[in-house]
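Engineer: Given these sequences and hints, build the entire structure.
Protein chains: 2
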Amino acid sequence: MDEKIILASASPRRRELLERADILFDVIVSNSDEKYTAVKPEKIVEEISCGKAEDVAKSCDRDDVIILAADTVVCFEDVIYGKPSDTDDAFNMLKKLQGNTHKVVTGVTFAIKKDEKIDYRTFHEATEVSVYEMTDDEIREYIATGEPMDKAGSYAIQGKYAKYIKSIKGDYSNVVGLPISRVYHELKAIRTELD
Amino acid sequence: MDEKIILASASPRRRELLERADILFDVIVSNSDEKYTAVKPEKIVEEISCGKAEDVAKSCDRDDVIILAADTVVCFEDVIYGKPSDTDDAFNMLKKLQGNTHKVVTGVTFAIKKDEKIDYRTFHEATEVSVYEMTDDEIREYIATGEPMDKAGSYAIQGKYAKYIKSIKGDYSNVVGLPISRVYHELKAIRTELD
Chain G
1 MDEKIILASA SPRRRELLER ADILFDVIVS NSDEKYTAVK PEKIVEEISC
51 GKAEDVAKSC DRDDVIILAA DTVVCFEDVI YGKPSDTDDA FNMLKKLQGN
101 THKVVTGVTF AIKKDEKIDY RTFHEATEVS VYEMTDDEIR EYIATGEPMD
151 KAGSYAIQGK YAKYIKSIKG DYSNVVGLPI SRVYHELKAI RTELD
Chain D
1 MDEKIILASA SPRRRELLER ADILFDVIVS NSDEKYTAVK PEKIVEEISC
51 GKAEDVAKSC DRDDVIILAA DTVVCFEDVI YGKPSDTDDA FNMLKKLQGN
101 THKVVTGVTF AIKKDEKIDY RTFHEATEVS VYEMTDDEIR EYIATGEPMD
151 KAGSYAIQGK YAKYIKSIKG DYSNVVGLPI SRVYHELKAI RTELD
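Residue numbers (the numbering used here), protein chains in the order written: chain G, 1 to 195; chain D, 1 to 195.
Each statement offered as a hint is correct.
Treat identical chains as interchangeable: a pair holds within one or across any two.
Straight-line alpha carbon distances no greater than 25 Å define the calculated SDA-like cross-link-like pairs of lysine to any residue that follow:
no. : residue 1 : residue 2
1   : K166      : R13
2   : K166      : D2
3   : K103      : R13
4   : K96       : K188
5   : K43       : E54
6   : K95       : E186
7   : K188      : I143
8   : K160      : K188
9   : K169      : S130
10  : K188      : E138
11  : K95       : D22
12  : K103      : Q158
13  : K117      : A189
14  : K103      : I143
15  : K188      : E147
16  : K103      : F76
17  : K4        : Y184
18  : K160      : E128
19  : K166      : Y184
20  : K188      : R140
No lab work stands behind these hints, which were simulated from the structure alone. Note that this is a predicted model, so its numbers are computed, not measured.
Structural biologist: As structure tokens, this is what we get:
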């Protein structure tokens, strides 16, 4: 029998990606404080996703479950951009990203709870995103849509920012917030192993 | 004043991409027979999009309009894949594409009708798409969703095929059916020119 998946994320985008892949899941949002000690973005998102998965794995009293946690950041010129704190912050991020190529990195952790033990598997996926030049008016108009405020890097590739995306290199859904094809295939491998 | 856009396509995906880019438009579906004389995929889609734009431009009695037409194909190993004729055809296409990298090419034509003259602008956009290996069961399961039947190459990247897409290189919306960021910027340039 398939182990139940628990998504340790409140993100509606992650939920939608899992649904589209026909992966059944429950949601238990992690209360992890998202602290990290790593320096490289790839390691930071892995560490944060691991903290989220661990938090849910330890607080949840169910066995035979696979907890899936993820963390996504935008990196440009060695700076990490998370969610904007306000519209000025969003403006500054979008102003940096326009006319340039940045990287979106998602860290993913599976916490496999079985026979009262927890086994962790962590990986990251990176996608390069090239953005057209934007005028300040276009940036302000985009911020006025409200889309940037709860998104890493202040944009939604699947939303009204699409007209400014020149090209990407890597997995598209990774930019949305979860590398769904990698997740699907890792889960398939884990389940084959557990059978 | 902005010239009215007329989309010469019945595709709901193209409509949605234009709406998301806040481009206002009417729809007049072309009756062009999609014939072509070109040999290279890039030229074939340009030629077909041009035929569609011309058909609508000539049959429509409105002036001060920009007609937008597009044609999308999937190319792999010098073979062009359009929409499948039946489920066997879809199976054969998906069997070819799995485990490989193919190219999606969209040809786009703007027919600018102004002062009773028609001016044409045509370009194409290509995106590389890498697909995970799929078992025959996975292919059959995907066909059973019904998604492949009206799509070039028998798949919808924005649908249940997403879990099989390893990575892309280029514009994502181009694979959906219209390179929306290029269309937005070309339109912006045309309108600046016309002003």
